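Those protein sequences? They're chains A and B, same order as listed.
For the first sequence, counting from 1, position 105 maps to 105 in UniProt numbering; every step adds exactly one.
For the second sequence, counting from 1, position 302 maps to 302 in UniProt numbering; every step adds exactly one.
Calculated directly from the structure, the hints in this document are not laboratory data.
Since we're looking at a predicted model, the values are computed, not measured.
Virtual Cβ for every residue (Gly too), placed ideally from N, Cα, C.
Mixed in with the good hints there might be a few duds.
To be verified - A few chain A residues that don't get close to chain B, going by computed Cβ distances all over 10 Å: (1) Ser49; (2) Thr77; (3) Gly201; (4) Lys246.
What the hints assert, rightly or not - The list that follows gives simulated cross-link-like pairs (lysine-lysine, DSSO-like), each with its CA atoms no further than 30 Å apart: (5) A:Lys91 to B:Lys191; (6) B:Lys315 to A:Lys306; (7) A:Lys175 to A:Lys383; (8) A:Lys337 to A:Lys277; (9) B:Lys322 to A:Lys307; (10) A:Lys182 to B:Lys191; (11) A:Lys380 to B:Lys315; (12) B:Lys134 to A:Lys302; (13) A:Lys172 to A:Lys182.
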Amino acid sequence: MKFKKSLALLLTGSLAAGMILAGCGSSGGDTKASNVIKIATQTPLSGGSATIGEAIKLGAQLKLEEEKEKFKDLGFTLQLVPYDDQGDPKKGVANAQLIGADKSIMAVVGHFNSGVAIPSSEVYEKYAIPMVSPANSAVEVTTRGLKTVNRIVARDDFQGPAGAEFAVNTLKAKKIFIVQDKTAYGTGLAEAFKKAAEEKGAEILGFEGITVGEKDFNGVLNQVVSKKPDLVFFGGIYAEGGLLIKQAREKGVNVPFLGGDGMDASTLVEIAGDTIKNTYITSLAGDSTKIEEGKKFIETYKAKYKKDTESYSVYGYDTMGVVLRGIEDAIKANNNKKPTREQVRDAVRGVKDYQGVLTKVSFDDNGDNDYAKVFIYSFKEAKYPAEYVDEVSK
Amino acid sequence: MLNEILQTIPQVVIDGLTLGAVYAVIALGYTMVYGILELINFAHGEIFMSGAFIGTAILIVLTGMGWVSAVPAIVMLITVLLLTAILTGLLGMGIERVAYRPLRNAPRLIPLITAIGISFLLQDIVRFIAELQKGNYIVTGPNLFKDQLSIKASSISSIFNDASIKTSFVIVLVTAVIMMIGLDLFINRTKWGMAMRAVAQDRETASLMTVNVNKVISITFFIGSALGGATGVLFAVQYGTIDPYIGFILGLKAFTAAVLGGIGNIRGAMLGGLLLGLLEMFASANLTLLSGGVFGAEYKDVFAFAILIIVLLFKPEGLLGKPVTEKV
C-alpha cells in the first residue's frame, strides 16, 4: 500500500517535472516549491576557523545527499543551503534573518562558535526554526529556555568534571595546581575542574592566572616548582598552553599536564615539541577512526570530497542525521504533508535514541544531549592528533 | 612566608633579568627616538616583532640548508643577529622617511597616529606572509640552545632553592648587555653620538652648526630599530614561539620601562627595563603568598604598575631623568 502510494507520488512528481520542463518553468512551480525542504548550514566558511566550518558543512552535505532518496519517496526534495557566518556574531544574525525569511528552510545545522550561536538563535526562536549545533559547548547556548536550540556535543561545564574524574581516578593525582588564562572559556573550565576535583578529594595547591598574548610564564611556573604538584591543569588555549608546557619542562616539572579542548590543535605540538609528552586533553570531539562506522564514514567522505576529515566532519554528519530524523517524524505526524516550522521544531526536540556514526542523541528539555560524552586524549609523542585513551559519559 | 619567598628568589631573579633585559633593549628604541624628536614611536614594538620573524625565518632557511649543524650555534646566532639588525634598521629608517619625516612640523598628535597606523600595517603584513608560508601565524623556530644549567644556590645558603637556567638565558643577557654598553659608548664617545645629543638638545641650533639633522634622525632610527630587531631575535631564541602580536604587549611594557627610567635617558631605559622585569616576575611568583591568596599571579601587572605610579608621583621625570633634560 505504502509502496503504491510512494510510486504514485513519484509518478506525479516526474509528471510535474515533465510539465515544468515542457512549460519552460512558467507554471507548476508552486506545487514544486511547496515540496522542497531546505536545510541551512551556518558555519564559518571563511576566516580562521574556515577549515572546521567547511568540514561541518561537508559532513552535513554528505548525510543530506544520502537521505535524498528516502525523502523523495515521501514526496519531498531536500536541499542544502550553506551560509557563511564568518565566525562573526553580526554576520550570523544577519544570515539568521535571511534564513527566517526563506519559508522553505525548515532547520539549521550550526554554528561552530558559541558566541555566534547565542545571538543567532534568538532570531531562529522568533521564526521557530530549529537549530542543532554540532560543536557549541558554551553553557548559555541551551540554558536560555529556547525551544529551537539543541546540541549534540557536551557542555563546557561537563568538560571540567570529566577532566577531574580522569585526573583523580585514572591518573591518581592528589595534589593539583591550576593555571588559567583569565578568559571566559579558560576561567570557566578551570573553575569547573577545580570544583569537581575538590569534591573527588584532590588538594588544589594553587589557582593562578596568566595573560593571553604573553610568552613568559616563568613567574607562575616558579610557584608550580615550589609547590610540587603531581598534576598541572591548564584552562586556556593552545598558544599559551604550548609555551606553558615547554617552559615547565625546562624548569624540570615533569608531572602530567591536563587541558581542555582549547588545546586540541596541531599548533600545540608544534610549539611544545618533544616536551608535549605526558600531556592529556579532554575534548568534545570523538575519534571516528576507532569504530567501524567511523572508518566507513571517513572513506566515503574522502572519496567524495577528496579531502581528509576534520574532527568535526562527523559531527556535521550526525547533526544533519538528527535534523532529518526530526523532519521525517514531523512529516509522518502531519499525515505526509509538509509540516510547519513549529511542528519540525517540536519533532527535533523530541528526537530520542538517534544513533549516528559517533554520537547517540536524545534531547532533554533544554536541548542538551543525554548521551553527550567527553573524550580524553593523550600525547605520547610529539605527534598530532593525540592518541585516544578514555571517554567519560554524563 | 618570608622563607618561601627567599627560597624561590634565585630563580625569580634569573627569570626576571631575562625578561627585564628584553624590556630594556626595546625601551632603548623608544627613549632614543623620544629624546631626539619628542615622538613616541609606537611602531617600535612591531619593529621588534618583525625582527623576531626575520630572525626566525633566516634560522629556518639556514637550518633547511643544513648550515646550523655545521657551524657552532653561537656563530650562527651572531650572523642572524647582525643580518636581522641591518634589515630592521633599514625598515626603521624607511618608516621614518615615509611616515614621520613629512610630518615633522605637523602637530604632535599627527605622527602619533601614523605610528599607530604603521604598527597595524606591520602586524598584518607579517601575519599575511607567515600565513602564506606556513598556513599558521604562530611560528616556532628551531631550538638553538637546549642545554640547561643548574645554579647551586642552595650551597651559598640553605634558605635558597637551586635555580635552573637555559643556556639561551646567558646568551640573551650577555648580548643585551653588550648592546646596551655599545650604545652607551656610541652616544657618549663618538662624533655621531655627539651630533645626536646636539640634535636632541636643540634641532635648529644644531643644524646651524652644520649638523645634518635629517641624517642624524635617520641614524637614530636605524640604531633604535636595529637594536629592537636584534632583541626580537633574542626573544625568539629564548621563548621559541612567536606571533605577529607579541610587539603590542612587550612594546607597551618597554615604553613603560622607558618612562620609569626617565624617557629620553638611555641609562634610565636600561634600569627601568630590568626593574620592571624583576618586579613583574617577583609579583607573579609571590603575589599569592604575599596577599594570602586574595590576589593571584594574574595581578602581577597591577602590582608592577602600581609601583610605577608611585615612582612617577614622587619623581615625575623618571628614576634617572633630570627635571631640565639633557636628552639622549
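Evaluated hints:
1. Ser49: A:Ser49 is indeed farther than 10 Å from all Cβ atoms of chain B, at 13 Å.
2. Thr77: 39 Å, holds
3. Gly201: A:Gly201 is indeed farther than 10 Å from all Cβ atoms of chain B, at 20 Å.
4. Lys246: 7 Å, violated
5. A:Lys91 to B:Lys191: 59 Å, violated
6. B:Lys315 to A:Lys306: Not OK: B:Lys315 and A:Lys306 at ~67 Å, beyond 30 Å, violated.
7. A:Lys175 to A:Lys383: Cα-Cα ~28 Å, so holds.
8. A:Lys337 to A:Lys277: 57 Å, violated
9. B:Lys322 to A:Lys307: It is violated: about 66 Å lies between the C-alpha atoms, which goes past 30 Å.
10. A:Lys182 to B:Lys191: The hint is violated at about 51 Å.
11. A:Lys380 to B:Lys315: Cα-Cα ~55 Å, so violated.
12. B:Lys134 to A:Lys302: With a Cα-Cα distance of about 24 Å, the restraint between B:Lys134 and A:Lys302 holds, given a limit of 30 Å.
13. A:Lys172 to A:Lys182: Distance ~27 Å between A:Lys172 and A:Lys182 Cα, so the pair holds.
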